[in-house]
Amino acid sequence: MTKLIYMDNSATTPVKQEVLDEMLPYFNIKYGNPSSIYSLGSTSKVAVETSREKIATTINANAKDIFFTAGGSEADNWALKGVAFANRKKGNHIITSKIEHHGILHTCEYLEKQGFKVTYIDVDEYGIVDLNQLKKSITDETILISIMFANNEIGTIQPIKEIGRIAKEKGVYFHTDAVQAIGHIKIDVDELNIDMLSMAAHKFYGPKGIGALYIRPGVKIDPLISGGGQERNRRAGTENVPGIVGMGKAIELAYENLDEHNNKLIELRDRLIKKVFESIDYVRLNGHPTNRLPGNINICFEFIEGESLLLSLDMEGIAGSSGSACTSGTLDPSHVLLAIGLPHEIAHGSLRLSLGDFNTKDEVDYVVEKLVEIVARLRSMSPLYEKVKEVK
Amino acid sequence: MTKLIYMDNSATTPVKQEVLDEMLPYFNIKYGNPSSIYSLGSTSKVAVETSREKIATTINANAKDIFFTAGGSEADNWALKGVAFANRKKGNHIITSKIEHHGILHTCEYLEKQGFKVTYIDVDEYGIVDLNQLKKSITDETILISIMFANNEIGTIQPIKEIGRIAKEKGVYFHTDAVQAIGHIKIDVDELNIDMLSMAAHKFYGPKGIGALYIRPGVKIDPLISGGGQERNRRAGTENVPGIVGMGKAIELAYENLDEHNNKLIELRDRLIKKVFESIDYVRLNGHPTNRLPGNINICFEFIEGESLLLSLDMEGIAGSSGSACTSGTLDPSHVLLAIGLPHEIAHGSLRLSLGDFNTKDEVDYVVEKLVEIVARLRSMSPLYEKVKEVK
Amino acid sequence: MYSEKVMEHFKNPRNVGEIENADGIGEVGNPRCGDIMKMYLKIEDEVIVDVKFKTFGCGSAIASSSMATEMIKGKTIEEAMSITNKAVAKALDGLPPVKMHCSVLAEQAIKSALLDYSKKNNVHIDGLEDFDLTEDPHEH
Amino acid sequence: MYSEKVMEHFKNPRNVGEIENADGIGEVGNPRCGDIMKMYLKIEDEVIVDVKFKTFGCGSAIASSSMATEMIKGKTIEEAMSITNKAVAKALDGLPPVKMHCSVLAEQAIKSALLDYSKKNNVHIDGLEDFDLTEDPHEH
Ligand SMILES: Cc1ncc(COP(=O)(O)O)c(C=O)c1O
Ligand SMILES: Cc1ncc(COP(=O)(O)O)c(C=O)c1O
Numbered sequence: 001m002t003k004l005i006y007m008d009n010s011a012t013t014p015v016k017q018e019v020l021d022e023m024l025p026y027f028n029i030k031y032g033n034p035s036s037i038y039s040l041g042s043t044s045k046v047a048v049e050t051s052r053e054k055i056a057t058t059i060n061a062n063a064k065d066i067f068f069t070a071g072g073s074e075a076d077n078w079a080l081k082g083v084a085f086a087n088r089k090k091g092n093h094i095i096t097s098k099i100e101h102h103g104i105l106h107t108c109e110y111l112e113k114q115g116f117k118v119t120y121i122d123v124d125e126y127g128i129v130d131l132n133q134l135k136k137s138i139t140d141e142t143i144l145i146s147i148m149f150a151n152n153e154i155g156t157i158q159p160i161k162e163i164g165r166i167a168k169e170k171g172v173y174f175h176t177d178a179v180q181a182i183g184h185i186k187i188d189v190d191e192l193n194i195d196m197l198s199m200a201a202h203k204f205y206g207p208k209g210i211g212a213l214y215i216r217p218g219v220k221i222d223p224l225i226s227g228g229g230q231e232r233n234r235r236a237g238t239e240n241v242p243g244i245v246g247m248g249k250a251i252e253l254a255y256e257n258l259d260e261h262n263n264k265l266i267e268l269r270d271r272l273i274k275k276v277f278e279s280i281d282y283v284r285l286n287g288h289p290t291n292r293l294p295g296n297i298n299i300c301f302e303f304i305e306g307e308s309l310l311l312s313l314d315m316e317g318i319a320g321s322s323g324s325a326c327t328s329g330t331l332d333p334s335h336v337l338l339a340i341g342l343p344h345e346i347a348h349g350s351l352r353l354s355l356g357d358f359n360t361k362d363e364v365d366y367v368v369e370k371l372v373e374i375v376a377r378l379r380s381m382s383p384l385y386e387k388v389k390e391v392k
Numbered sequence: 001m002t003k004l005i006y007m008d009n010s011a012t013t014p015v016k017q018e019v020l021d022e023m024l025p026y027f028n029i030k031y032g033n034p035s036s037i038y039s040l041g042s043t044s045k046v047a048v049e050t051s052r053e054k055i056a057t058t059i060n061a062n063a064k065d066i067f068f069t070a071g072g073s074e075a076d077n078w079a080l081k082g083v084a085f086a087n088r089k090k091g092n093h094i095i096t097s098k099i100e101h102h103g104i105l106h107t108c109e110y111l112e113k114q115g116f117k118v119t120y121i122d123v124d125e126y127g128i129v130d131l132n133q134l135k136k137s138i139t140d141e142t143i144l145i146s147i148m149f150a151n152n153e154i155g156t157i158q159p160i161k162e163i164g165r166i167a168k169e170k171g172v173y174f175h176t177d178a179v180q181a182i183g184h185i186k187i188d189v190d191e192l193n194i195d196m197l198s199m200a201a202h203k204f205y206g207p208k209g210i211g212a213l214y215i216r217p218g219v220k221i222d223p224l225i226s227g228g229g230q231e232r233n234r235r236a237g238t239e240n241v242p243g244i245v246g247m248g249k250a251i252e253l254a255y256e257n258l259d260e261h262n263n264k265l266i267e268l269r270d271r272l273i274k275k276v277f278e279s280i281d282y283v284r285l286n287g288h289p290t291n292r293l294p295g296n297i298n299i300c301f302e303f304i305e306g307e308s309l310l311l312s313l314d315m316e317g318i319a320g321s322s323g324s325a326c327t328s329g330t331l332d333p334s335h336v337l338l339a340i341g342l343p344h345e346i347a348h349g350s351l352r353l354s355l356g357d358f359n360t361k362d363e364v365d366y367v368v369e370k371l372v373e374i375v376a377r378l379r380s381m382s383p384l385y386e387k388v389k390e391v392k
Numbered sequence: 001m002y003s004e005k006v007m008e009h010f011k012n013p014r015n016v017g018e019i020e021n022a023d024g025i026g027e028v029g030n031p032r033c034g035d036i037m038k039m040y041l042k043i044e045d046e047v048i049v050d051v052k053f054k055t056f057g058c059g060s061a062i063a064s065s066s067m068a069t070e071m072i073k074g075k076t077i078e079e080a081m082s083i084t085n086k087a088v089a090k091a092l093d094g095l096p097p098v099k100m101h102c103s104v105l106a107e108q109a110i111k112s113a114l115l116d117y118s119k120k121n122n123v124h125i126d127g128l129e130d131f132d133l134t135e136d137p138h139e140h
Numbered sequence: 001m002y003s004e005k006v007m008e009h010f011k012n013p014r015n016v017g018e019i020e021n022a023d024g025i026g027e028v029g030n031p032r033c034g035d036i037m038k039m040y041l042k043i044e045d046e047v048i049v050d051v052k053f054k055t056f057g058c059g060s061a062i063a064s065s066s067m068a069t070e071m072i073k074g075k076t077i078e079e080a081m082s083i084t085n086k087a088v089a090k091a092l093d094g095l096p097p098v099k100m101h102c103s104v105l106a107e108q109a110i111k112s113a114l115l116d117y118s119k120k121n122n123v124h125i126d127g128l129e130d131f132d133l134t135e136d137p138h139e140h
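Residue numbers (the numbering used here), protein chains in the order written: chain A, 1 to 392; chain B, 1 to 392; chain C, 1 to 140; chain D, 1 to 140.
Think of the hints as simulated: they come from the structure by calculation, not from any bench. Note that the coordinates shown come from a computational prediction; the quantities given were computed from them, not determined experimentally. Zero decoy hints are in this set.
Lysine to aspartate or glutamate pairs mimicking EDC-like chemistry, simulated, CA-CA at most 20 Å apart:
#, chain 1, residue 1, chain 2, residue 2
1, B, Lys387, D, Glu27
2, A, Lys168, A, Glu191
3, D, Lys11, B, Glu369
4, B, Lys389, D, Glu18
5, D, Lys5, B, Glu316
6, D, Lys11, B, Glu316
7, B, Lys387, D, Glu20
8, B, Lys30, A, Glu316
9, B, Lys220, A, Glu109
10, B, Lys113, A, Asp222
11, B, Lys370, D, Glu8
12, B, Lys389, D, Glu20
13, B, Lys30, A, Asp357
14, C, Lys11, A, Glu373
15, B, Lys89, A, Glu112
16, C, Lys11, A, Glu316
17, A, Lys387, C, Glu20
18, A, Lys387, C, Glu27
19, A, Lys389, C, Glu18
20, B, Lys30, A, Asp21
21, A, Lys45, D, Glu4
22, A, Lys113, B, Asp222
23, A, Lys30, B, Asp21
24, A, Lys30, B, Glu316
25, A, Lys220, B, Glu109
26, A, Lys30, B, Glu18
Could you put together the complete structure from these sequences and hints?
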């Protein structure tokens with residue numbers, strides 16, 4: 001097989017060598033439990049706290065307000081359920097958007113079953129939440145607004161600062177799922193009035209199975225996982241020390257040359273988009289044209305279905321993803337693509353290519369070349385394309 | 001410093017080299033997201049399912065009934081909260097024991113706040129739960145019995161088969177926290193009528209941050225972490241692939257030479273206990289003399305306090321743990337030691353040494369030698385010991 | 001995820017295309033659901049002498065179409081009628097459970113094309129009496 | 001967790017032992033809580049000419065006892081009375097927050113021994129009027 005061209009960095013990323021190197025000693029040399037009082041334990045404790053500090057610095061928070069979790073989904077579940085149950089007496093209304101990750105949406109559905117009311121804010125054709133609707137939805141019962149920082153499918157970045165301001169004015173907690181944003185965008189929780197923020201290391205060249213929730217002091221929140229006194233009694237469980245160390249190193253690397261990395265990514269991204277538009281007809285770009293994640297490309301190829309596109313790309317050694325129903329085992333295509341107004345049949349033909357630090361210009365050009373061939377081939381098999389040609 | 005003598009294997013274990021070797025490719029070579037449909041994703045998926053199969057085989061379960069979690073605490077929280085909230089209509093009563101891990105006890109306290117009733121069964125002087133009291137506590141409202149397989153502090157193994165039988169007869173779900181037992185004791189979930197079972201890889205030479213919950217088909221349980229469709233829609237979050245692979249390898253290794261390993265451990269354990277009893281007076285063994293974890297030693301040294309014992313051992317390069325209040329940041333000594341009837345002042349002087357696969361006879365002998373010196377020294381400083389000598 | 005057979009048929013689908021002046025044309029599926037199969041039959045003396053398909057859909061939909069056309073080519077109408085979705089899936093060395101509906105679609109596409117033929121030529125085909133095109137293949 | 005100073009005093013505690021016919025003996029703490037400190041004073045002309053301690057407790061309890069005895073040895077009663085728990089902790093380069101009560105215990109042990117001396121010798125010591133032995137050091 002050809003060398004792999006990995007363009008699914010929004011799904012997950014490889015662990016960078018520097019990150020893995022930092023982690024390694026903590027598996028079998030510095031393996032102590034951070035809660036233990038002997039030296040081997042203190043070594044682990046110091047490593048955990050150093051990582052916490054690195055993460056905190058990055059988002060302009062205090063180290064003691066960073067709480068490690070097993071990943072983005074746990075952080076999302078914790079923020080929502082933790083705040084909901086702890087503030088039930090204050091109110092039972094939560095506001096979120098229609099394009100959140102399932103980690104948020106399914107948790108909201110769960111909370112609805114538990115008697116909470118949830119408002120799902122609409123987005124415009126670019127995937128930006130309707131701020132007027134958001135403002136109007138706030139009632140005396142509203143305890144939490146949860147709006148993602150950047151969308152995982154279409155890459156659109158939300159007006160977080162305005163949302164933070166609205167939430168602050170109304171005295172409502174503001175949580176943001178920043179799983180796709182952290183490591184890729186500069187974030188200052190104070191400047192943006194963020195009360196809680198979810199992150200996951202494997203989206204920025206850190207390991208899988210580790211993430212964190214930032215919780216502003218004063219936020220009333222129940223633990224999701226009770227037990228031992230780890231994480232200041234807020235999240236029980238023996239710390240995943242190598243994971244935590246890896247997350248710290250990864251976030252440090254991510255912000256070291258952020259602008260440089262992003263400029264490169266944006267250039268590659270826009271090159272790919274431009275070339276696709278020049279060489280393939282019946283395509284649409286999903287998400288905001290400029291206000292999007294540096295590495296995110298999301299394009300619909302009409303008349304073909306996403307899974308067969310992905311399989312064909314895989315045969316050429318290219319890894320991407322799709323919002324097609326067929327790739328998720330559900331009947332409907334991506335809720336995000338539907339929310340921005342795409343018809344089902346077009347949403348089925350979406351392709352997300354998410355670029356990362358290891359992609360090159362040559363790869364971009366190769367991918368476009370292959371896309372041209374593959375799209376032509378699949379369209380030649382498609383009864384839908386046939387009809388369009390007839391009309392022409 | 002002297003070479004480290006690690007006798008705190010119940011707190012956590014080093015990752016075995018064979019385990020780490022299996023994990024390594026999944027960090028940066030086979031790093032695909034198991035949910036992705038391209039080849040790199042399938043490779044991860046296969047790795048996850050292979051590990052699941054290994055774990056299932058070990059406990060005589062089906063692979064599809066093993067659900068990965070971030071560790072033992074998450075598994076415990078999930079079992080209890082998941083069953084409680086999903087079966088609330090059936091009843092609101094849960095039975096557990098007084099010597100459970102905090103992952104269970106604090107979750108029970110949380111559930112009590114949510115309106116559930118919890119009965120905490122007593123244990124005898126050896127730490128064995130009172131089966132009569134257990135039976136009598138079951139009412140029409142009882143939905144769940146959660147009793148740990150083996151205790152983390154005193155090593156006592158519970159009569160799980162009888163508890164399983166009682167639960168089955170009464171039609172109540174039976175969960176067991178087997179975090180200390182898995183990898184060390186043969187467990188057959190069918191033979192023992194176990195409906196749910198918690199495990200954590202880092203207690204058997206696997207990595208930290210990964211565990212699992214076995215859930216028997218038919219058990220009604222809510223997810224703790226909702227979101228993506230991973231783990232058959234029951235536990236969301238991108239899979240911790242390296243962790244899962246490590247857990248599978250670790251459990252395989254653990255059960256490969258279980259009897260041999262255990263015979264060695266029991267020999268070392270009993271040698272250490274015997275030597276301590278021969279050379280130090282005013283000591284008591286906590287836990288059951290024979291029906292205990294192969295590597296577990298828990299001894300109270302009267303008139304001295306556990307933390308200073310641990311610090312002194314650490315100065316000699318020996319890692320152990322204690323049920324003293326001072327090591328946990330609380331005022332009371334271990335709830336387990338109090339539950340077996342120890343007075344506070346004696347419980348403060350407890351030492352747990354938990355042996356593992358890497359300990360040797362020479363280490364045991366060295367530790368006893370040092371213990372004799374250290375206990376003598378601390379007692380010479382103790383106003384309590386002074387009084388005893390006066391009486392003598 | 002897919003068997004080698006599925007991937008082989010996806011890579012090199014047999015009988016892709018259209019038949020001009022086909023004797024029977026069937027189209028099943030719904031673009032909303034992400035799959036449409038269109039099948040063209042050339043029938044002479046009760047024998048399917050040629051068959052072509054066009055499919056909008058996922059890998060297994062394309063592979064199922066390809067396999068189904070192979071299975072009925074050169075067969076009598078009666079033989080074609082006896083081909084079930086399970087047979088198509090089996091011939092592909094199995095399909096993932098969530099993809100079984102693709103083989104159902106293939107079976108339906110054959111039947112739908114035969115129904116078209118039977119209507120156009122006013123012939124009766126055993127077993128098509130209660131063929132229900134509106135049945136949702138996703139339920140399978 | 002502990003400063004080097006704490007560890008040093010834990011490893012090599014100064015003034016461990018008893019004083020026969022001590023002029024003042026104080027015992028504070030409670031074995032239930034895991035710490036007892038007993039302090040012996042030899043006092044001549046208002047000066048603490050010798051001091052010894054015995055402690056049952058954690059590392060910081062032992063280190064605090066040791067440091068406290070060092071701090072009052074050779075000092076006048078008045079000087080000894082002015083030593084606070086914060087001063088003991090500071091002399092040890094700090095104690096973890098959960099361990100501050102150990103330094104409180106050390107301060108109390110000194111005062112308790114001085115109280116014993118004042119009672120036995122019927123002398124008044126400024127500042128001991130409202131010394132309350134029953135105060136719980138863990139509250140600090
Ligand atoms: C009996 C028992 N249950 C649960 C746990 C919690 O496991 P973890 O720390 O991996 O979450 C532990 C270990 O700390 C344990 O010993
Ligand atoms: C926006 C967003 N939120 C949450 C998650 C969940 O993160 P994890 O899979 O690490 O639990 C993801 C990634 O899958 C994501 O993209």
